[in-house]
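Start from the sequences and build out the full structure, keeping to the hints where you can.
Going down the list, the sequences are from chains A and B.
Residue 137 in numbering that gives the first Met the number 0 is what sits at position 138 of the first sequence, and the numbering runs on without skipping anything.
Residue 67 in numbering that gives the first Met the number 0 is what sits at position 68 of the second sequence, and the numbering runs on without skipping anything.
Hints should not be assumed to be uniformly reliable.
Claimed, not checked - Simulated pairs of lysine-lysine, DSBU-like, Cα-Cα distance not exceeding 30 angstroms:
1) B:67 <-> A:112
2) B:122 <-> B:67
3) B:11 <-> A:112
4) B:67 <-> B:83
5) A:145 <-> B:83
6) B:101 <-> B:67
7) B:67 <-> B:11
8) B:101 <-> B:83
9) A:69 <-> A:112
Bear in mind the hints are in silico, worked out from the structure with no lab data behind them.
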Amino acid sequence: MGWVCNGDDRDSTIGELAELAVPFAALYAALWTQGHVPAAVLELCRLRLAQLHRCAVELQRHEIDIPTEKSEYLAHWDTQSIFSPAECACLAFTEVYAMDTQALTDQHAQAVKTHFGDAGLVLLVEALGILDGMTRLSLLWQLPAKVDQSPASGQRL
Amino acid sequence: MTGRPRATNTNKPTGNMIRDSALGLVPETLGDYMALNRKVWECGPLTPAEVEIARLRNARRVNCVFCKSVRYDIAKADGLSEDKVAMIQDDFRESALSEREKLIVAFTDQFLNDPSGLTEQLKASLMAEFTSQALVHLSLVVAHFSGFSRCAVSLGGMPDELPIMEVSVPQ
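Here is the structure:
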């Protein structure tokens, strides 16, 4: 279990405060069903954030099925032809977002908009805010990784 | 930072600052986002002034000009003065903030700077001062406002400076 409460994962920790757990769960669920950026692209971005933060718990989490080959080569997405131009645009955006949000350029944004439009860009930054925040909290709460579970789809730190 | 917005909401203005922002381009998440935002302010054990201290510390660290310029009326009504706001700086540990308020700032900094590097000393201090529910509330406050600030920075259109603006929690 983490140190914040008796919960041993994200849901049970946030569940300590039901008044916020319910609206958070609704927002988080909406990310994966909206129609602007495919959920599989968001899952690649989420896992890339987990890699960059070196967060084992978030790498074990599984939200959406993605091809095993893509998860195996995710850390090297920029040299692998298996990633589509749209996925590459979102992953490039994600990496700069994670390291220094202020370093994002108009070119990073335009690359995303080329594939997903203005609304897709907004959805992506909204999602990254939530996914980055949850990854940081998993680390800060010191949530334990499950010893009997591999990282999602072969992901490695 | 760019002065040009990277996404623009051209819908008819409603007077609601979140609905009229670029977030309004994604109606599938807008309602849930606004509902969570309200709950962060109105529910949970932290007072509005404590929520505002965490929000403003995050705004300054992420350098979101919009977020730095805003003051929530609910926090002001709760007693948060501009004198106290001025103490939420890098030298906050030497300020006249209370120990509880200093811990709120320290937790926010830990989230932003090094979430995997929490020291046993800070952990013990947080556990001694806050209940489990208050720690979850503080965590979600910081994560929520960090995401909001980074969203604003990512979408550009940020001026170099803005005057202080008092606002209400969008309903």
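Query raised in the report: Hint by hint, which ones does the structure fall short of?
Result: Hint check: 5 fails alone, others pass.
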